[in-house]
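Asks: Chains as they are written, first to last, in the working numbering: chain A, 10 to 166; chain B, 57 to 209.
Everything labelled a hint here was simulated from the structure, so no lab data went into it. Be careful, since some hints might not be right.
[Unchecked claim] Simulated pairs of lysine-lysine, DSBU-like, Cα-Cα distance not exceeding 30 Å:
| id | chain 1 | residue 1 | chain 2 | residue 2 |
| --- | --- | --- | --- | --- |
| 1 | B | Lys167 | B | Lys84 |
| 2 | B | Lys60 | A | Lys59 |
| 3 | B | Lys167 | B | Lys155 |
| 4 | A | Lys81 | B | Lys116 |
| 5 | B | Lys116 | A | Lys131 |
| 6 | A | Lys131 | B | Lys155 |
| 7 | A | Lys128 | B | Lys155 |
| 8 | A | Lys128 | B | Lys158 |
| 9 | B | Lys167 | B | Lys117 |
| 10 | B | Lys155 | B | Lys175 |
[To be verified] To be clear about the criterion: a stretch of chain A counts as covered by chain B if any three or more of its residues have a C-beta under 8 Å from a C-beta of chain B, and this derived list gives those stretches:
| id | region |
| --- | --- |
| 11 | 70-78 |
| 12 | 110-120 |
[Unchecked claim] Computed spacing ranges between beta-carbons, pair by pair:
| id | chain 1 | residue 1 | chain 2 | residue 2 | range |
| --- | --- | --- | --- | --- | --- |
| 13 | A | Gly12 | B | Ile75 | 45 to 51 Å |
| 14 | A | Lys131 | B | Lys171 | 26 to 32 Å |
| 15 | B | Pro67 | A | Lys81 | 51 to 57 Å |
| 16 | A | Lys81 | B | Gly119 | 22 to 28 Å |
| 17 | A | Tyr29 | B | Gly196 | 39 to 45 Å |
| 18 | B | Val70 | A | Gly12 | 47 to 53 Å |
| 19 | B | Ile157 | A | Lys128 | 18 to 24 Å |
| 20 | A | Ser111 | B | Lys175 | 22 to 28 Å |
| 21 | A | Lys81 | B | Arg174 | 43 to 49 Å |
Where is the CB? At the ideal position from N, CA and C, for every residue including glycine.
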Amino acid sequence: MLGGYIHDLEPGDVLKPVRYVLTAEQIAWYADANEEDGDWFHSDANPWGKTVRPPTMIHSDKMRILEANVDKERRIAGMTGEGPDLTSDARIHYEYFAQQHSPAYVGEEMVVTCRIIDKYIKRGREYLHYYMEVHTGDGRLVTSYNDLTLLRYQKAE
Amino acid sequence: MGTKLLETPAPLAVGDILIGREGPVTPKQLVDYGSGFLSSAIGRPVVVGANIHTDVEAAKKSGLEAPIVDGMLSTNYLSNMMTRYFGRAYVENGSLRTKFIKPIPALMDIKVRGKVVRKTMQPTGAMRYTLDVWVEDPDGNMLVVGDATVDTP
Chain A
10 MLGGYIHDLE PGDVLKPVRY VLTAEQIAWY ADANEEDGDW FHSDANPWGK TVRPPTMIHS
70 DKMRILEANV DKERRIAGMT GEGPDLTSDA RIHYEYFAQQ HSPAYVGEEM VVTCRIIDKY
130 IKRGREYLHY YMEVHTGDGR LVTSYNDLTL LRYQKAE
Chain B
57 MGTKLLETPA PLAVGDILIG REGPVTPKQL VDYGSGFLSS AIGRPVVVGA NIHTDVEAAK
117 KSGLEAPIVD GMLSTNYLSN MMTRYFGRAY VENGSLRTKF IKPIPALMDI KVRGKVVRKT
177 MQPTGAMRYT LDVWVEDPDG NMLVVGDATV DTP
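Please construct the entire structure, taking both the sequences and the accompanying hints into account.
Replies: Okay, here's the thing in structure tokens:
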């Protein structure tokens, strides 16, 4: 179910796409956060002649699209301390699987789409499977991504 | 300027080991990660709040003994390693899968590694490298496991 919390999402839910223009600052913040000091992500001195975003940056897109679709939770606001306290409902990212299809460059429009593939309980723990794609505004596929998240993490007895 | 990345893939054979980041992830690095990641997602500089990665009480509230490293940070260490070994090809067509099988406590010494397990010629003429990738603790126990592929010209 859209419009609630992340744990309300159900298989078949299609999230409202998010569009934004990729900036050098967004790339630098992301790269620096991940200790990626490679010159390709901090300047246009690279094989493409334009600053490119790191291959894993679809994870940042996941935050963007959840923020836009999971109205009650406001995950980003919660993580910055500006929104609801979510520490009692911690989640653990369990699996990341991204396939790159083309680089994305500073100044390009990114279009992020996401749908919920599955939700299931295994060994008493509930998992949510997201499938995402990021295209450029003119339709070029940049990254496809499968994400498995453990909901409501509590230490096993 | 930071590290100069190489466009051309490193010459690698089946069985070769890739060496990535080594050492502890400090609490400051966890805050820097959360803040930078969120700033990127929001589009303005912010500082991450209390969560299981940045705050002892928040971690304990979720049944953890101490803050843990965000799984995506270890994934990024693996991705950084792949970029350094495979250059342009990894950015253009690489894949990376990681499973976070054990929590990584802050300050634990970790090693980021990869191993070439297969090289297969593709119909396009590209050479596909398939790798096992992982993050291990000081005793060699696996914390993050996964695989990666890259098609090189």
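Asks: Could you tell me which of the hints above the structure violates, numbers in ascending order?
Replies: Violated hints: none at all, because every hint is consistent with the structure.
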